[in-house]
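*Asks:* Residue numbers (our numbering), protein chains in the order written: chain L, 8 to 391; chain X, 66 to 315.
Because the hints were derived from the structure by calculation, they are not lab data.
The C-beta atom is built at its ideal place from N, Cα and C for all residues, glycine as well.
A few of these clues could be false.
[To be verified] No farther apart than 30 Å at their CA atoms in a straight line, the calculated lysine-lysine pairs in the DSSO-like style are these:
id : chain 1 : residue 1 : chain 2 : residue 2
1  : L       : 147       : X       : 119
2  : L       : 93        : L       : 147
3  : X       : 253       : L       : 147
[Said to hold, decoys possible] Not close to chain L: a few residues of chain X, all C-beta gaps over 12 Å, as computed:
id : residue
4  : 70
5  : 88
6  : 104
7  : 139
8  : 171
[Stated by the list, open to error] Ranges of calculated distance between the beta carbons of each label pair, as one might list FRET restraints:
id : chain 1 : residue 1 : chain 2 : residue 2 : range
9  : X       : 185       : L       : 33        : 46 to 52 Å
10 : X       : 209       : L       : 24        : 30 to 36 Å
11 : L       : 150       : X       : 104       : 39 to 45 Å
12 : L       : 382       : X       : 185       : 30 to 36 Å
13 : L       : 281       : X       : 283       : 52 to 58 Å
14 : L       : 198       : X       : 179       : 33 to 39 Å
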Amino acid sequence: MADLLSSRNLRRWLPWALIVLVALVLPVVLPPFRLNLLGRFLSLGIVALGVDLIWGYTGMLSLGQGIFFALGGYALAMYLQLNELKPGELPEFFSLYGVKSLPAFWQPFNSPLFTLVAIWVIPAVVAGLLGYLVFRNRIKGVYFSILTQAALLVFFNFFNGQQKLINGTNGLKTSTARIFGELIGSDAMQRNLFWLTVVITVAAFLLCRWLTHGRFGDALIAIRDDEPRLRFTGYNPTAYKTVVFAVAGALAGISGALYTVQSGIVSPQYMAVPFSIEMVIWVAVGGRGTLIGALLGAVLINYAKSLVSEALPETWLFIQGGLFLLVVLVLPDGLVGWWRQGGPGRLIAMVGWPPRTATYPALDLDPQVVAEQDQLERSGGGQG
Amino acid sequence: MNLLELQGVTVSFDGFLALNDLNLQLAPGELRAVIGPNGAGKTTFLDVITGKVKPTRGDVVFRGRSIVGRSEHHISRLGIGRKFQTPRVYQNLSPRRNLELAVRGPHGPAALLFGSLSSEQRDRVQHLLSVVGLERQAQQPAGGLSHGQKQWLEIAMLVAQDPELLLVDEPVAGLTDEETARTADLLKQLAGDHTVLVIEHDMEFIRDLQAPVTVLHEGHVLCEGSMDQVQNDPRVIEVYLGSETQEDAA
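Generate coordinates for the entire structure from the input sequences, incorporating the hints supplied.
*Replies:* Laid out in C-alpha cells, this is it:
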C-alpha cells in the first residue's frame, strides 16, 4: 500500500483513477443537467486530443479545428433532421425559404451507415487535402496558423450564408429530433449519450496513445523539434503531417457530432474564431505533448467556464485570458507537465514545508554517477 | 566510375557567388578531406549535394545519375547521409530512439505505424550504442548529453543510416584530443566500405586522417593533394594567412 502511494506511482495512476471515477460514479451522483454538461465537455476532450496530436507532438498550431468539428456536427444533424420523416416530407426549415425538394447533397444522409462514416471521413478528407497542399509547399509556423484561421473564416461565412441549403446562421436543431423512437433531448437519451461519449473518448485516447508511443510518434516529435534534420535522414515530413492532420480532423468530426447531439444544435457558431482558439488554450493549460493533459484541460476549463459563468457572467473571458498568461509564463508544460515535474511538492515547499529526502535523488539516478560509483567500489576494494 | 561528381556547380545568392564553377570527383571507398577558410562555401557545397540548395548552374551526379532538383529525402534514400556542423540530435528523444529513427529501412508512415524493427535493425542500434559508449544513457533524453556525446550520437545516427556516401561537417568541433583521435579512427574504419567526405578546420585531425585534401576558396577548388603538398602550396598559404600586401595594409 505504501508502495502504491509513493509519489512516483501516484503520479502514474491518479489520472487514470480520475477517469474511471468520472465514468462510473458521476452519472449516479450528478443531476441530469450537470451530467449533460460533463458529456459535452468530454466530447470536447476528443477534439483537444487532435489538437494535441498536431500541435503538442508535431508542432503545427492549427487555429481552424472548428471546421472539422462543425463538419462532423452537421453530418450527424442532417441525418437526424431526415430521420423518421414521412416520405415526401422535408425538414421544417426548408419551407421558410420556399425550398420544395431536398438538395442533392442531403440525399446520402438518409442512410445511417453513410452518416456514421461521414462523421469522421468527411472532416478527415477535407483536413487531409488542405494539409497536403499546405505541407507540400513547406508552409510552417505562423503562416500555417494564419492559413488555418483564414480557412476557418471561409467555412464560417459559407455556412452562415446558405439558408436554403443548411439553414444558414440558425443552424440545425437536434434536440427535438428522434432516434429509435426516443426524443434526443430526453434525460434517458442524454445519459446514454454520456456513456457513448465516455467510451469513444477512451477509444480516441487509446488511438492517440498508439500513434504517439512508438517510432511513428518519435517521427512526429522529430518533425516538431527539427524537421529539416529528419528530411536528410530519408523521411518525407509531408506524408507524416498530412496523416496526422487528417487524424486530428477525424477526431474533431467525431467530437463535433457528440457535442452536437448533447447540446441540441449545430450552427456556424461552431466555426467562430474564438472557439477554435479556445481549443488550443485547453491543450496548453492541460499540458501539450501529454494526451491526458489535453483531455483534462478540455474538461476542467469548460467546467470552470460554466461554473464561473453561472456565478459571475461577465468575468469568464478575463479568467480564461489570465489562465493562458499563467500557463505561458509559469507553466510552459501545462498542469500535467507541472504535476509530473514535481510541482505540487515545490508548491508545498514554498509555504515552508520542504519535502523530506534522504539524499539527492537526481544524483542517485544519474547513470554516469552510478557507473562511477561501481568503478570506485571495484577499485576501492583492491586498494583497501 | 566516380561515385559523386560535381560539374561546374555555381550557386548564386542574389548575385553573391557562394560556389563558383566548382568541380570535384569522389571515387567509391575514398576518404576525402575538404578545408577552406571561413566563407569558402564548404557548407553550401554540402547543401547542394544533399538537395537543400539548388545550383544556379552545373550538375551533381551521383552513381551516374543527376540528382539536381530532387528533394532531400529522395537524395538521402539514394544513399547520401549528412552530419551537421552543430550536433543535431532530437533532444527530446533518447539516444536509442534517435538511432531507431535513423536506422536504415522503410521510412513511410505506414511502415513506422504497422511495422516493427527487425532483429537485425535492433542489433545494429545496440551495436552502435556500444560503439559510441552511450549504452548507459540509452534511455534518457538526448538533450542531457554532453557536447561530445551528442557529436558521437550524430555520427552513430549517420552510420545507422548506412549511406554509401557520408558527408561529415566538422565532426570534431568542441571535442577533446582523445575524442578527436577516436573520431579519426572511426572515420578511417568507415572509409573503404563507404565513401567519406569530411569538412574540418582542425589541421591536426586532417593530418590524422591521412587523406587527400581539397582546398576550397571563394566557392572554387583552389588545389588538391596530400596534406603536406597542400600546406606548402603558396596559394594556400596566401589564402589562409593573407598576402603580404594585405598584411602591410593592416
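*Asks:* Now look at each hint and say whether the structure bears it out.
*Replies:* Here's how the hints hold up against the structure:
1. 147/L - 119/X: 21 Å, holds
2. 93/L - 147/L: Violated, at about 50 Å.
3. 253/X - 147/L: Given that 30 Å is the threshold and the Cα spacing comes to 40 Å, the pair is violated.
4. 70: 21 Å, holds
5. 88: 24 Å, holds
6. 104: Answer for residue 104/X: holds, closest chain L Cβ roughly 22 Å.
7. 139: 8 Å, violated
8. 171: 9 Å, violated
9. 185/X - 33/L: 46 to 52 Å: Cβ of residue 185/X to Cβ of residue 33/L: about 51 Å, so the range 46 to 52 Å holds.
10. 209/X - 24/L: 30 to 36 Å: 31 Å, holds
11. 150/L - 104/X: 39 to 45 Å: 31 Å, violated
12. 382/L - 185/X: 30 to 36 Å: 33 Å, holds
13. 281/L - 283/X: 52 to 58 Å: 55 Å, holds
14. 198/L - 179/X: 33 to 39 Å: With a Cβ separation near 38 Å, residue 198/L and residue 179/X satisfy 33 to 39 Å, so the hint holds.
In this structure, the earlier hints numbered 2, 3, 7, 8 and 11 are contradicted, and the remaining ones agree with it.
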